[in-house]
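Asks: If you follow the hints, you should be able to join the two separate chains into one complex; please do so.
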Amino acid sequence: MRRAILIGLAFGAGAVHLAVVGVLLMLHQRMIIVDTLTLGQAVLLLIAGGAGAMAGRPLTGLIAGATAAVPIAVLTAVMSVVPLQSIFIALSPDLFGMLTLGQGLAAGIGILIGGGAIAGMLGAGWRISPFVVRRAIGPGAIAVLIAGVFQELIQLMLQQYEGPVGEFRDFLYTWEGLSPQGGITIFIIVAIASEVLGSILRRRAARIAAHDHRRERMVWAGFALLALVLLPAVAGSYVGQVLMLVGLYILMGMGLNLEVGLAGLLDLGFVAFFAVGAYTTALLTADSSHALAHLSYWEAMPIAVALSIMVGVLFGLPVLGVRGDYLAVATMGLGEIVRVIVQSDFAAPLLGGAQGILQIPKPRLGNFVLGNPVSLFYLTLVASAVAAFVAWRLENSRLGRAWMALRDDEDVAQALGINLVRSKLLAYGLGAAFAGLAGSIFATMLTSVYPSSFQLLISINVLALIIVGGMGSLPGVVLGSIALIGLPELLREFGEYRYLFYGAVLIVMMRLRPEGLWPSDVRQRELHAADETLALDAGADAVPAQTR
Amino acid sequence: MARFNAVDVVLWGLRIGVVAVVVVGTIGTLLHNRYTAAQWFDFVVFGLTIGSIYAQIALGYTMVYGVLRLINFAHGDIVMTGAFAGYFVATPLDRSGFLNSHPVLGMSAILAVAIVTSTSIAVLTERIAYRPFRRVVGLAPLICAIGVSFFLEQTFRGMFGSAVKSYPSPDWQRATFQLLGFNVPRVDVLVIGLALVFMAGLYLIVQRTRMGTAMRAVAEDGEAAALMGIDVNKVVVFTFVLGGTMAGIAGVFYAFVYKQVYFFMGFTPGIKAFGAAVLGGIGNIPGAMLGGFFLGMVESVGPTLFLDGIGIPAPYQLRDLIAFTLLIMVLIFRPQGLLGERMARKRA
Numbered sequence: 011m012r013r014a015i016l017i018g019l020a021f022g023a024g025a026v027h028l029a030v031v032g033v034l035l036m037l038h039q040r041m042i043i044v045d046t047l048t049l050g051q052a053v054l055l056l057i058a059g060g061a062g063a064m065a066g067r068p069l070t071g072l073i074a075g076a077t078a079a080v081p082i083a084v085l086t087a088v089m090s091v092v093p094l095q096s097i098f099i100a101l102s103p104d105l106f107g108m109l110t111l112g113q114g115l116a117a118g119i120g121i122l123i124g125g126g127a128i129a130g131m132l133g134a135g136w137r138i139s140p141f142v143v144r145r146a147i148g149p150g151a152i153a154v155l156i157a158g159v160f161q162e163l164i165q166l167m168l169q170q171y172e173g174p175v176g177e178f179r180d181f182l183y184t185w186e187g188l189s190p191q192g193g194i195t196i197f198i199i200v201a202i203a204s205e206v207l208g209s210i211l212r213r214r215a216a217r218i219a220a221h222d223h224r225r226e227r228m229v230w231a232g233f234a235l236l237a238l239v240l241l242p243a244v245a246g247s248y249v250g251q252v253l254m255l256v257g258l259y260i261l262m263g264m265g266l267n268l269e270v271g272l273a274g275l276l277d278l279g280f281v282a283f284f285a286v287g288a289y290t291t292a293l294l295t296a297d298s299s300h301a302l303a304h305l306s307y308w309e310a311m312p313i314a315v316a317l318s319i320m321v322g323v324l325f326g327l328p329v330l331g332v333r334g335d336y337l338a339v340a341t342m343g344l345g346e347i348v349r350v351i352v353q354s355d356f357a358a359p360l361l362g363g364a365q366g367i368l369q370i371p372k373p374r375l376g377n378f379v380l381g382n383p384v385s386l387f388y389l390t391l392v393a394s395a396v397a398a399f400v401a402w403r404l405e406n407s408r409l410g411r412a413w414m415a416l417r418d419d420e421d422v423a424q425a426l427g428i429n430l431v432r433s434k435l436l437a438y439g440l441g442a443a444f445a446g447l448a449g450s451i452f453a454t455m456l457t458s459v460y461p462s463s464f465q466l467l468i469s470i471n472v473l474a475l476i477i478v479g480g481m482g483s484l485p486g487v488v489l490g491s492i493a494l495i496g497l498p499e500l501l502r503e504f505g506e507y508r509y510l511f512y513g514a515v516l517i518v519m520m521r522l523r524p525e526g527l528w529p530s531d532v533r534q535r536e537l538h539a540a541d542e543t544l545a546l547d548a549g550a551d552a553v554p555a556q557t558r
Numbered sequence: 009m010a011r012f013n014a015v016d017v018v019l020w021g022l023r024i025g026v027v028a029v030v031v032v033g034t035i036g037t038l039l040h041n042r043y044t045a046a047q048w049f050d051f052v053v054f055g056l057t058i059g060s061i062y063a064q065i066a067l068g069y070t071m072v073y074g075v076l077r078l079i080n081f082a083h084g085d086i087v088m089t090g091a092f093a094g095y096f097v098a099t100p101l102d103r104s105g106f107l108n109s110h111p112v113l114g115m116s117a118i119l120a121v122a123i124v125t126s127t128s129i130a131v132l133t134e135r136i137a138y139r140p141f142r143r144v145v146g147l148a149p150l151i152c153a154i155g156v157s158f159f160l161e162q163t164f165r166g167m168f169g170s171a172v173k174s175y176p177s178p179d180w181q182r183a184t185f186q187l188l189g190f191n192v193p194r195v196d197v198l199v200i201g202l203a204l205v206f207m208a209g210l211y212l213i214v215q216r217t218r219m220g221t222a223m224r225a226v227a228e229d230g231e232a233a234a235l236m237g238i239d240v241n242k243v244v245v246f247t248f249v250l251g252g253t254m255a256g257i258a259g260v261f262y263a264f265v266y267k268q269v270y271f272f273m274g275f276t277p278g279i280k281a282f283g284a285a286v287l288g289g290i291g292n293i294p295g296a297m298l299g300g301f302f303l304g305m306v307e308s309v310g311p312t313l314f315l316d317g318i319g320i321p322a323p324y325q326l327r328d329l330i331a332f333t334l335l336i337m338v339l340i341f342r343p344q345g346l347l348g349e350r351m352a353r354k355r356a
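Read top to bottom, the protein sequences are chains A and B.
The numbers in the working numbering rise by one with no breaks, and the one at position 252 of the first sequence is 262.
The numbers in the working numbering rise by one with no breaks, and the one at position 208 of the second sequence is 216.
The set of hints was computed from the structure by calculation and includes no laboratory data.
Every residue, glycine too, gets a C-beta built ideally from N, C-alpha and C.
Don't take each hint at face value.
What the hints assert, rightly or not - Just the calculated beta-carbon pair ranges, DEER-fashion:
{"no.": "1", "chain 1": "A", "residue 1": "Phe378", "chain 2": "B", "residue 2": "Val32", "range": "50 to 56 Å"}
{"no.": "2", "chain 1": "B", "residue 1": "Val124", "chain 2": "A", "residue 2": "Asp104", "range": "29 to 35 Å"}
{"no.": "3", "chain 1": "A", "residue 1": "Leu500", "chain 2": "B", "residue 2": "Val15", "range": "44 to 50 Å"}
Bound-form chain B, shown alone (with noise of 0.2 Å):
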């Protein structure tokens, strides 16, 4: 048993280290007070916007998961098929001035038409890379959703070039809103409400609807399920249109967010919005959201919170670095999530 007390001890001087990093970087900082309020109220506006993108993408791997025990690698691509299709739609208003004396006309149609590319794409994807694996154990089924991320990657790269391409950003996104004595740009407010919105919408669907029943009863027991007459396939055909509507939304409003698309633009928010939903414990849909908010919370105020105090110089390089050792440590010391996980089974 001495070998496990080693490991042990590595373990613990992980957890150690980790949150003297944050307690020490968050005296320090503090001591600094070399930010202003306004500085700070930015970056939690800032992370609340983020982090609402991140709930929607994490709804996305938490449903697939709870229902087919699958990680949606090319979930992640399935929000940039969003952002492009978004793209294209948008350029042409924003061009021609519709949307910004429609915005309201202008903003639905730029994410209908994402909504449907990213849907019928992980529809798609699901029937041709992810049935066949249904009852297959093992490495295979990721190494398959691995590949369908690259090839998503790599066909858009083919159809539209890699170059980035600077999303629109019209007049009455730019403005700015008084909060508090503070300013907050509008395009955060309106990021934040809608996906509110959304995903209430989402929430209420798998809660009231016979299809989200269904859904909630294929993720319990997917053989008892099928017993009672229901349709595992349309369930499964259900979840990913669930997961590719919110993708197709969350990637426009990325995209609006930092105003650039590109073909590898899906991966590290993908990656970051699956350690969101282990976070809030895979399978479970409250706990998705709730962990992508505390993401990208952290993600928003850590750098600054955490690292400038022990003197760590340009700490927003390291924002992926926060938001990697988030994952890792959620995936080493709590793989239920904060929540819990709402799987009877336990993981192979």
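Looking at chain A on its own, in the form it has when it is part of the complex (with noise of 0.2 Å):
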């Protein structure tokens, strides 16, 4: 009992927090089905439903629940009597209304209290309700989720057809979103799919041996990895931009990969190897007054990628004796002083200052120019594809096993006769080359640069993107590309709050699951087999993680 009521007061402080941040009035402009439900209302019942599966059974799970919705409830009416907006601006008439429902104060806190009451049972009774019905309500509700919140682009690519699709879109879809009949349409058709889907699948994995399950993995991201490449070209030059965007960062994933999750090495300076192939690209192909050269594309690539290799050796070498999180911060103060000189007049002679290096040529291919966002998509692809083979290779090589040695024990990787300075050295500047390649596409595609392209930031979501993959984990970083630079792309009104979402992931990942979500194989095996002497050596005054 009290630890429903402290589990909701938990979510609810989650949820006041959210509603002050702005989040929540944001989500709630997003309409999962017209006129009925709204992402933020979903994102509301959620909040009571995740307090009452996590107080257990249904009557807790009522208790938690409506005590999730108590704080957003005492906001409402405190933002009834005081008007909070002239200190915090999410606070609108705007909020109220949505927490209301715009049925005044009174009715509104029943609503919040009533729907949280029943949410939290829901939720309670989802953990209890048998697998049978879990396996159709999840992927069916998840359906409908996407087919509302992305209805933009679904329509939009389901515009290109006539006939039966184009009647089936106008059964799903009004001109403004999800149509009540649509969503319980997609609901009823995922649900009885995954039934059907999931008992043969079933069926045939209690067939399979084990170790196929591994082999069963890859063939579906192969499948999803062939689905990423044709939807560019059936879906149009906006995913397009989108899925390029991810590439490069799967790129600069990689590239850091190697640096963090192989070799140890926490590099805050990554943006740094981005920029250098970016200004390297721009100098050497510009039409413009600071060009060194007028090369094509092709042949400053390789200069651009060779010289960051070099600036990353350069970067690599005065901090190879310093160690954990005084590297960190001494390879972010490098890479801030990279920004800073790019930034100022003293180099404005060569690299252009604030005002950057404008009019960079698109690549070509004989007369054709790689000019739309797909056609560069697909030349992301086809690099980040080398690049992954590359990564591939070298985590099964001597130098990797090498740098997982470092990793775990400088010391004694020392003692084994691994040459510290040459493996870390190699960690920088392979790192740097990948990156400084997702730099010379990125200045193409943005046909210049400006050095406030170059912030910490870059560094910080490379980070969190291998981080929630899996460190070390080369599907880890196309996973953690999609979630954090593709989702939030594609929801646009989104991108104000990304940081926000990226700072509590990396919290949350680290408490949770600080494998990430696709681990590479030997790390699993390491964190957990960690758990377990720590869970022992912790003894009798170990804490269970809570969880928030």
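Replies: See below:
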């Protein structure tokens, strides 16, 4: 009982945070089902449901859900008395309207707490319901969510087709978004499909041996990748643009992965290599007074990569002896130094100062100009594929194993005859090569480079995505880029809150799943072994990790 | 061993290069004699002012590192929360004229609210984000701290908007003093004076009180301290309270000096103050104060003294370059700091 209330209050505090920061209202503007359910309301329900699920039984779930609604109800009441908007810009009348469903204060609070109680009970019910039920409802609800939230993109994609597809679209969607009948239809279709497919797969899974699961997973990943490759060609240039950005981050993620994931060198100045790649390409190809040469893109790119490697090694040399968290701060300082220099008047005659370098031509293949985002996406894809191959071979090479030894214990690694200087410098150099390649493509994508594009935030983005995906894991990098770069880009209004989300993701991942969403096998084994020993020596005073 | 020699050559080259820039630049600037004595005096006063702020922030880093062996990456953002809280008190007080008519009461109210806010947020971050990592070694705690930093920044951005807000600047702060025939802005004197008072108070708390003794014991050897019956959790919370208090004060002062607040303002002073803490020897409280003043001085006088002499245009833009170079040089060449680190155990 007390536990249920505490859980409820913790979740409620989270809901208030979302409201005060402005996320809730932003999400409220996204419809899932037209005039019925918005994303903001869904999030509130999910918070109450989550509290209920954590509390356990339906009755305690009901209490937890209702308690989760209390803080936000209090906030609503306070909002109706005190005009808070002059300080907290997000606490607007619109938010008040959203929280009370436009019914006024008293009825609104009733709705909030009642809704919270029901959602909490359902959340608790979800936990004790049989697997067959969950298998149908879960995917169904997710499908409705996707169909509703991305209605604009899906409608745009379906627009190209006439006939039965067109009629089906008109049935599912109105001009504004997913219609109630459409939502129900999608839910039913996906729920049944999941039920049928699920039982087939389960029967098969029982038959095949355990070690084949890995191969199975690879096949599915292959399918997903193929869909990703074909998607921009079908979905048009906006999706192409987004996926191209995802591709660039995959490239950088693989580079940082060599440094952080394999060699354990936490590098927060990674963006410097990206900048070197971009500026080299700009200086060698641009049609401006800053240009040093007028090479074609294909000539400039290898030079950019080579220069990035050199800078990477130069970057690594002074910090060879710096370890752990000091290294993170030192590399961040180096990255900031690069940015300050590029931005200053001192380097302006060479690098263009704050105005940057303009008019970088697009790459061409014969007479074909890679002008539109979709063709540039395929360029990124090829680059990523090559880089992924290199990264994969490196991971299993002598050097890769040396890196991992270095990560786990530098002194022992050295005692075993690993050349620390060489391995560390190679990690910086090769990591920088990936970032330089990404920077080079980035420069032709934007056709201009500015110092303001190379903020520390880029390093943090890349770090966040490899942590979410799983340090040291290649598929993890892809997954992380899609989740952290692609999704916020598709939900355009989300952009403003992206870093809030990243911060929360870093904290939550480190606490709940430090190995990432798709961990590398080695890493997972290590971390779980570590958990066991930790639990042993923590002994009786070990407090179970509290989840929020 | 040939390779190690190559690395040594590079490191020596780096040292010689930095020293050469400093020496040649200084001689060049002094020969040109383009700046008046009043200008140099201004640089020094500003250096002391900003240095006293860095010193206060550095104390937070150094104490937390001493007790937890954790770089509290979000400490700069705790400073920002204090500055924001102060803003929402200072603005109405300034508008109503109260801050001008009752400077002491007004400043006390601003500082009190700032301290309460930054301290509660510091304690909250410790409870939610750092405590679970007490026994974890490796990169996870630092990454979590980076997450906390972003979370705090973006929360404040969401709550109060991303625009730069201008801090009130009451008349009595803008007036100047006469000292040795030079004009000194009053706000600078106020900031330096109060900072010295607060830091002296902190030093006394750490040296003389029971809790301060417990804190030093935990910093020396956490396990032994726990065996002696010291409640380590309480000590850690106390450390964050002290650090948060200093951060709140520093935030208000920083905002009064630069006359603005925005959500990202804590980041750069945070990193620099960390450098100051390392410079003084991390875990060493007088060292952090000294490091802060030193960094402020170098940053304020350095661009003109070192860079103007070698003919670099607009050297003021490269102020951060000097601060970061100092930070990196310290991390590379003297990670134990000037006064020596008060830690027996080697960092891994």
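Asks: Are the hints correct? Go through all of them and say.
Replies: Results of checking the hints against the structure:
About 53 Å separates the C-beta atoms of Phe378(A) and Val32(B), a value consistent with the hinted range of 50 to 56 Å. The given range of 29 to 35 Å is respected by Val124(B) and Asp104(A), whose C-beta atoms sit roughly 31 Å from each other. At roughly 46 Å, the beta-carbon separation of Leu500(A) and Val15(B) lies within the given 44 to 50 Å, and the hint holds.
Of the numbered hints given earlier, the model fails none.
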